[in-house]
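Residue numbers (this note's numbering), protein chains in the order written: chain A, 1288 to 1459; chain B, 23 to 178.
Hints may be right or wrong, so weigh each one.
As the list claims (entries may be wrong) - Once the Cα atoms are required to be at most 30 Å apart in a straight line, the calculated BS3-like pairs of lysine-lysine come out as:
no., chain 1, residue 1, chain 2, residue 2
1, A, 1333, B, 163
2, A, 1356, B, 115
3, B, 92, B, 102
4, B, 115, B, 125
5, B, 33, B, 102
6, A, 1428, B, 69
7, B, 69, B, 102
8, B, 77, B, 115
9, A, 1428, B, 92
10, B, 163, A, 1428
11, B, 135, A, 1428
12, B, 33, A, 1428
13, B, 163, B, 115
14, B, 92, B, 33
15, B, 57, B, 33
16, B, 92, B, 110
17, B, 163, A, 1289
18, B, 163, B, 110
19, B, 125, A, 1428
20, B, 77, A, 1356
21, B, 77, B, 139
These aren't lab readings, by the way, just hints derived from the structure by calculation.
So you can see what is in the structure, the chains are spelled out below.
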Amino acid sequence: MKLDREMKLQAWLDGELPAAEAREVEQLIATDGEFSALAGELRMTKSILAGNEPDEVVVPESREFYFSKISREIERLERQPAPAARSVWSSWWVRILAPVGAAAAMVALVALPNRQGSGADETENSVQESTVIQFHSTTEKMDVIWIHSDVDGTPDVSSPDLTPKPDRNDNN
Amino acid sequence: MTTISKARFLKLALMTGAVMVGTVVSALAAPVELKLQAQLVWGTNEKVSAEAGFKEVDSSLQARLRNVFKWQTYYEITRKGFSVPAAKPQTVKLSDDCTIEVKQLATNRIEVKLLGKGRPVVTRTLELRPATPLVIGGDDKNNTAWFVVITQTDKP
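Construct the complete structure from the given sequences, taking the supplied hints into account.
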């Protein structure tokens, strides 16, 4: 009970009591000598503290503290995970065009095998006696394979069909 | 009702388009039946009478052959049109002794094998180009020459 009265007195000094309770405290101070003495003591303490309490204490920053802040900041930055490199796959158009390009390459590989710029390009000569000459006539636009017989001039291809008819004609 | 975002729709449309383009390209690039013509030609510097039964090759081919080879007149002995399916080699007999085998390797790419008296003489792989004939030739008796002219045609 006594503590309660003291707390009310302190609140009265701080101006925190409602008007009705403040009047009660004021009556007690007027009638109760002990209570009045306590009020005077608290009022004096309050005035002393209020007049001498510093608003803000500034602690001077030492040289070591200054550099330790820099060191801590560096360590903090080093601990942070490095931002992931921007993957080429993150672009939407790359994700779309990559499979399209791969599909086109596969189509090209399947559909265009052995495609070369020139025309005739491989000759396999099966006649031992012959010499094969191959060329492309650009003026006449024709690919030519010439098989020259080195032995007796008789080709294995067409002579039986060709020679008799002119001979027969000559005989007629 | 399911909603599709604009980006997802665009992605789906592009991928569908790519598949369609790939299908069309592969269809266009797929080997189709080749239509060819083979001529057995005899080249000489002597004029042969019309009664001999030979006819000269057309003037265009005559001029082209004449500009490349030394002979002045070129007679057509045989002319045969034929088709070469993608997966089926074709054998064309141009005379008793002269036969060619043509195989389609890819679109407009063929392998030609020339056989004389049943024996392989020469095998050739080449890309056929329109209006660019393949001429296989050799010298013959009496300062004459034989030629096999293979051209791409519209009709076999």
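Right, here's what the structure says about each hint:
Under the criterion of a C-alpha separation no larger than 30 Å, the hint pairing residue 1333 (chain A) with residue 163 (chain B) is inconsistent with the structure, at around 141 Å. Of the supplied pair hints, the one linking residue 1356 (chain A) and residue 115 (chain B) is violated, its CA atoms being roughly 97 Å apart against a limit of 30 Å. Between residue 92 (chain B) and residue 102 (chain B) the CA atoms are separated by roughly 25 Å; this keeps the pair inside 30 Å, and the hint holds. Between residue 115 (chain B) and residue 125 (chain B) the CA atoms are separated by roughly 15 Å; this keeps the pair inside 30 Å, and the hint holds.
Proposed proximity of residue 33 (chain B) and residue 102 (chain B) is contradicted: the alpha carbons are some 53 Å apart, above 30 Å. For the hint linking residue 1428 (chain A) to residue 69 (chain B), the alpha-carbon distance of about 26 Å falls within 30 Å, and the restraint holds. Restraint check: the Cα-Cα separation between residue 69 (chain B) and residue 102 (chain B) comes to about 24 Å, which is no more than 30 Å; the hinted pair holds. Of the supplied pair hints, the one linking residue 77 (chain B) and residue 115 (chain B) holds, its CA atoms being roughly 19 Å apart against a limit of 30 Å.
With a C-alpha separation of about 17 Å, the suggested pair residue 1428 (chain A) and residue 92 (chain B) falls inside the 30 Å cut-off, and the hint holds. A distance of roughly 28 Å separates the Cα atoms of residue 163 (chain B) and residue 1428 (chain A); the hinted pair therefore holds under the 30 Å criterion. Restraint check for residue 135 (chain B) and residue 1428 (chain A): satisfied, since their Cα atoms lie roughly 21 Å apart, inside the 30 Å limit. Between residue 33 (chain B) and residue 1428 (chain A) the alpha-carbon distance is near 47 Å, which puts this suggested pair outside the 30 Å criterion.
For the hint linking residue 163 (chain B) to residue 115 (chain B), the alpha-carbon distance of about 21 Å falls within 30 Å, and the restraint holds. A hinted pair counts as satisfied when its Cα atoms are at most 30 Å apart, and residue 92 (chain B) with residue 33 (chain B) does not qualify at roughly 64 Å. Of the supplied pair hints, the one linking residue 57 (chain B) and residue 33 (chain B) is violated, its CA atoms being roughly 42 Å apart against a limit of 30 Å. Distance restraint check for residue 92 (chain B) and residue 110 (chain B): the Cα-Cα separation of roughly 37 Å exceeds the 30 Å cut-off, and the hinted pair is therefore not satisfied.
Between residue 163 (chain B) and residue 1289 (chain A) the alpha-carbon distance is near 148 Å, which puts this suggested pair outside the 30 Å criterion. Distance check on the hinted pair: residue 163 (chain B) and residue 110 (chain B) sit about 35 Å apart at the alpha-carbon level, beyond 30 Å; violated. Restraint check for residue 125 (chain B) and residue 1428 (chain A): the C-alpha separation of about 22 Å stays at or below 30 Å, so the hint holds. A hinted pair counts as satisfied when its Cα atoms are at most 30 Å apart, and residue 77 (chain B) with residue 1356 (chain A) does not qualify at roughly 106 Å.
Distance check on the hinted pair: residue 77 (chain B) and residue 139 (chain B) sit about 24 Å apart at the alpha-carbon level, within 30 Å; holds.
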